[in-house]
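Generate the whole structure from the sequences, applying the supplied hints.
Now for the letters of each chain:
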Amino acid sequence: MKKKMIFSEFFRNNGIVMGSLLFGLVSFWLIFLVILPQISMLDFSFRYNLPPAEQGGPKDVYTLSNYEHLLYGSDSTHQTYNTVDLMVFVRTIIAAMFVTVFNILLCYPMAYFLGQSRGSGFVRLLVVLLIIPYWINEILRAFALKIIFGDSGLLNEVLMFLHLTPQPIDFIRADIALYAGLGYAYILLMLFPMYNVIESLDRNQIEAARDMGASWIRIHRRIVIPHAKPGIASGSTMVFMLSAGALAAPQILGGPSSLWFTQLVYQWFNDSLNWQQGAAYAIVLLISTISIVLVMMKIFRVNMGDIGK
Amino acid sequence: MTTGVAVDLENVWITFGDFVAVREANVHINGGDFFSFLGPSGCGKTTILRAVSGFLDPSQGNILIGGNNMAGIGPNKRPTALIFQNLALFPLMKIWENISFSMEVAGASAAERRKRADELLDMIALDGQGDKLPSELSGGQKQRVAIARALCANPDVLLLDEPLSALDLKLRQHMRTELREIQQRVGITFIYITHDQGEALTMSDNVAVMKAGIIDQIDTGHTIYDSPSTPFVASFVGENNVFRGKIKEIKGEQALVSTNRSGDLLARITPTQLGKMNVGDDAMMFIRPEALALGKADAASHTTITANVVNEEFEGNVFSVFLEGGGGKSIKMATPNLGQAKISTTGKDLSLHYDANNAVVMPTGELASE
Numbered sequence: 001m002k003k004k005m006i007f008s009e010f011f012r013n014n015g016i017v018m019g020s021l022l023f024g025l026v027s028f029w030l031i032f033l034v035i036l037p038q039i040s041m042l043d044f045s046f047r048y049n050l051p052p053a054e055q056g057g058p059k060d061v062y063t064l065s066n067y068e069h070l071l072y073g074s075d076s077t078h079q080t081y082n083t084v085d086l087m088v089f090v091r092t093i094i095a096a097m098f099v100t101v102f103n104i105l106l107c108y109p110m111a112y113f114l115g116q117s118r119g120s121g122f123v124r125l126l127v128v129l130l131i132i133p134y135w136i137n138e139i140l141r142a143f144a145l146k147i148i149f150g151d152s153g154l155l156n157e158v159l160m161f162l163h164l165t166p167q168p169i170d171f172i173r174a175d176i177a178l179y180a181g182l183g184y185a186y187i188l189l190m191l192f193p194m195y196n197v198i199e200s201l202d203r204n205q206i207e208a209a210r211d212m213g214a215s216w217i218r219i220h221r222r223i224v225i226p227h228a229k230p231g232i233a234s235g236s237t238m239v240f241m242l243s244a245g246a247l248a249a250p251q252i253l254g255g256p257s258s259l260w261f262t263q264l265v266y267q268w269f270n271d272s273l274n275w276q277q278g279a280a281y282a283i284v285l286l287i288s289t290i291s292i293v294l295v296m297m298k299i300f301r302v303n304m305g306d307i308g309k
Numbered sequence: 001m002t003t004g005v006a007v008d009l010e011n012v013w014i015t016f017g018d019f020v021a022v023r024e025a026n027v028h029i030n031g032g033d034f035f036s037f038l039g040p041s042g043c044g045k046t047t048i049l050r051a052v053s054g055f056l057d058p059s060q061g062n063i064l065i066g067g068n069n070m071a072g073i074g075p076n077k078r079p080t081a082l083i084f085q086n087l088a089l090f091p092l093m094k095i096w097e098n099i100s101f102s103m104e105v106a107g108a109s110a111a112e113r114r115k116r117a118d119e120l121l122d123m124i125a126l127d128g129q130g131d132k133l134p135s136e137l138s139g140g141q142k143q144r145v146a147i148a149r150a151l152c153a154n155p156d157v158l159l160l161d162e163p164l165s166a167l168d169l170k171l172r173q174h175m176r177t178e179l180r181e182i183q184q185r186v187g188i189t190f191i192y193i194t195h196d197q198g199e200a201l202t203m204s205d206n207v208a209v210m211k212a213g214i215i216d217q218i219d220t221g222h223t224i225y226d227s228p229s230t231p232f233v234a235s236f237v238g239e240n241n242v243f244r245g246k247i248k249e250i251k252g253e254q255a256l257v258s259t260n261r262s263g264d265l266l267a268r269i270t271p272t273q274l275g276k277m278n279v280g281d282d283a284m285m286f287i288r289p290e291a292l293a294l295g296k297a298d299a300a301s302h303t304t305i306t307a308n309v310v311n312e313e314f315e316g317n318v319f320s321v322f323l324e325g326g327g328g329k330s331i332k333m334a335t336p337n338l339g340q341a342k343i344s345t346t347g348k349d350l351s352l353h354y355d356a357n358n359a360v361v362m363p364t365g366e367l368a369s370e
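Residue numbers (the numbering used here), protein chains in the order written: chain H, 1 to 309; chain E, 1 to 370.
Keep in mind that the hints were calculated from the coordinates and are not lab data.
Every residue gets a Cβ at the ideal spot worked out from N, C-alpha and C, and that includes glycine.
Keep in mind that the hints are not guaranteed to be accurate.
[Claimed, not checked] Cβ-Cβ distance ranges computed for the label pairs, FRET-style: (1) E:Leu171 / H:Ser215: 32 to 40 Å; (2) H:Asp60 / E:Leu133: 51 to 59 Å; (3) H:Ile131 / E:His174: 49 to 57 Å; (4) E:Gln184 / H:Ile131: 52 to 60 Å; (5) H:Met160 / E:Leu133: 53 to 61 Å; (6) E:Ala110 / H:Asp306: 22 to 30 Å; (7) H:Ser27 / E:Leu133: 31 to 39 Å; (8) H:Phe300 / E:Phe55: 29 to 37 Å.
Next up, the structure:
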C-alpha cells in the first residue's frame with residue numbers, strides 16, 4: 001500500500017512521460033544489467049562445459065559437478081579435498097577481512113579529524129588531495145606500488161640507507177605489497193562514508209560528554225563510534241566486497257606463490273575457457289561474501305537501511 | 001538542599017584575535033541565585049557561559065567558583081554542568097543512560113545508575129520513561145531530561161544556554177515556572193543565558209544586561225525594568241518611549257528635561273546617575289507605554305504630552321495605541337483591555353499624562369537597535 005503511494009506520487013511529481021522514462025531506465029538497469037546477468041551466471045554454474053555443437057543437446061543437463069570440483073578437485077570418488085583451491089578461497093576471505101579491519105583503523109582517525117575540524121578550506125583541500133591519486137588508473141597505481149615495494153624500490157632504498165635492514169626485504173613475496181595495495185585501492189570507500197557520518201555528529205554532544213567528565217576514549221566509545229556505525233558498516237561492506245573481488249592488485253602485487261580467489265575465477269574463464277567452472281567459483285565467492293557481510297551486520301547490529309544511507 | 005556556591009568574574013576579558021567578545025566583566029553571583037545574562041545575540045553572553053564552564057579560557061582576569069580560581073581547570077573537572085541550547089542529549093542512548101552518563105563516567109554500577117536515574121525521572125515527572133530513546137519524547141520532556149542529566153552529577157553550578165528557545169510559547173512559559181521551581185528545590189546556583197527578557201525577568205534573582213561585550217547593569221529584574229541605568233538597558237528591556245533633550249532644571253531626585261519636540265517634561269533621575277547630572281547636559285528620558293494614560297486636554301503640566309492618535313492595535317490583553325506628538329514624534333501607549341470597545345476615537349490634541357516617578361532620565365547613550 002505504502003509502495004503504491006510512493007509510485008503514484010513519483011508519477012504525479014514528474015509527469016507521466018518523464019516518470020515513465022526514469023522508471024524505465026531504472027528497470028532496464030536492474031533487469032538487464034543486474035538481475036539477468038546474475039541469473040545467467042547462476043545458470044552457467046550448473047552446466048557442463050560442452051563443445052558448442054553439444055550445447056542444448058541431450059548431454060546439456062544441470063549438474064553440481066562445478067561446485068564439487070571446488071570441494072574435491074578432479075577426484076571423482078570424493079575421497080580427497082581440493083585443498084589448493086579451498087586454501088586460496090579461505091586465504092582470500094581472511095585477507096579481505098584483514099584489509100577491511102586495517103582500513104577501519106586507518107580511516108577512523110582521519111575521518112574524525114576531517115569531520116570534526118569544522119569548515120576551513122584546509123579540510124576541503126585535504127579531501128581533494130586524498131582524491132587525486134584516484135584519478136590515476138587502478139592498474140597504474142598497482143604498478144607504482146610494485147615499484148615502491150620492489151627489491152631496489154624506494155622503500156627498500158630508504159630502509160637500507162637508514163641501516164634498518166642489511167639487504168632488501170622481499171615485500172612482494174611476503175604479500176605486504178599486496179595488502180598495502182588492496183588497502184590503498186579502496187581506502188576512500190571507507191573514508192568518505194565515515195567522514196560523512198562523523199561530520200553530521202553534533203559537536204555539542206562531544207562537549208556535553210566532556211562537561212560530564214568523560215575521557216577521550218569514552219567519548220569515542222559511547223558517542224562518536226555508535227554515531228559513526230552506519231558509515232563504518234557501509235565502508236566496511238564496500239571495502240570487504242571489493243577486496244575479496246579484486247583482480248588487478250593481486251595480479252600485479254601478489255607474490256609468485258600466492259593466488260587470490262578471483263585469479264582462479266579469471267583462469268577458469270580466460271585460460272581454461274571453462275566458463276561454467278568459473279561461474280561456479282564466482283557464485284561461491286559472491287554468496288560467501290554476502291553471507292559474511294550479513295552475519296557481521298547481525299553481530300554489530302546494523303540495519304540494511306543504515307548502510308544505504 | 002545544598003547551599004549554592006558563589007561564582008565570581010573578576011575583571012574578565014575574552015578576546016578572539018582583534019575582536020573583544022567580553023570586556024572587563026566584573027560579576028558577583030550569590031550562591032543559590034538564579035542569575036541571568038540578558039542581551040541580544042552576539043553580545044558575548046554565551047562566551048561568558050563557555051568561560052565559566054571551562055570550554056574556553058578568559059584572555060585576562062579570573063573566574064572563581066566557590067572562591068576557587070578555575071584557571072587551568074578543564075570543563076570535566078569543574079563543579080559545573082552545562083545545558084546546551086540544543087540540549088545535546090545522546091540520541092543513541094536510552095533516557096536513563098543519558099541521565100546517568102556522568103555516573104557511568106565515574107564508574108558507578110549499572111544498578112546504582114539506574115536507581116539514581118529513576119529518582120531523577122521521578123523528580124521531573126517522567127517516571128517510567130527511562131527505557132525510551134530521546135527521539136520518542138516531546139520537546140518539553142527532552143528539556144526536563146537535559147535538566148535531570150545535568151543535575152545527576154550534583155553540580156554546584158548549573159549553566160543554561162538558552163535552553164527554552166526551541167520550545168513553543170505555551171511550553172516555554174510553563175518551563176519558566178518549572179525551571180524556577182527546580183532551582184529552588186535543589187538550591188544550587190543557576191546561570192541562565194537568554195535574549196528573552198520575559199525569561200530573564202520572571203525567573204531570575206538577578207539579571208546582568210549585556211551589550212556588545214559590556215555588562216551595562218546588574219540588578220534585580222524589577223530594578224532593571226523600573227530604573228535602567230543606561231539608554232541601552234532602557235530600550236532593550238521592555239518597550240520604552242525615548243525623548244531626547246537637555247536638562248533644564250534639577251529638583252532633588254527629579255529633573256526637568258527640555259525635550260526636542262515634546263516641550264518640558266519632568267522625570268526621575270535614574271539612581272546610578274543621581275548627583276552626576278548637571279543643568280545643560282544632553283539627556284534621554286524614557287516613559288514606558290503602560291505609564292501613559294489619556295486625559296483631558298491640559299497642556300500646561302510638565303507631565304503631559306500632547307499627541308494625535310495615528311493607529312490602534314488590539315493585542316488581547318492590551319490595546320497598543322500609536323500616537324504622533326509635536327514635530328512628528330511617535331509615541332506608543334499601552335492600556336489594559338478591560339472590556340472597552342475602543343480606547344480612542346481618532347482625535348486631535350489628546351493629552352497623555354504620566355507620573356514623573358514612572359519616567360526616568362539619564363545621559364544620552366546608545367539605544368538597542370530595533
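So, going through the hints one by one against the coordinates:
1. E:Leu171 / H:Ser215: 32 to 40 Å: 36 Å, holds
2. H:Asp60 / E:Leu133: 51 to 59 Å: 58 Å, holds
3. H:Ile131 / E:His174: 49 to 57 Å: Holds, since isoleucine 131 (chain H) and histidine 174 (chain E) (Cβ atoms, about 52 Å apart) stay within the stated range.
4. E:Gln184 / H:Ile131: 52 to 60 Å: Since the Cβ atoms of glutamine 184 (chain E) and isoleucine 131 (chain H) sit about 58 Å apart, the hinted range of 52 to 60 Å holds.
5. H:Met160 / E:Leu133: 53 to 61 Å: 58 Å, holds
6. E:Ala110 / H:Asp306: 22 to 30 Å: Holds - the Cβ-Cβ distance for alanine 110 (chain E) and aspartate 306 (chain H), about 27 Å, lies within 22 to 30 Å.
7. H:Ser27 / E:Leu133: 31 to 39 Å: 38 Å, holds
8. H:Phe300 / E:Phe55: 29 to 37 Å: Given about 33 Å between the Cβ atoms, the range holds.
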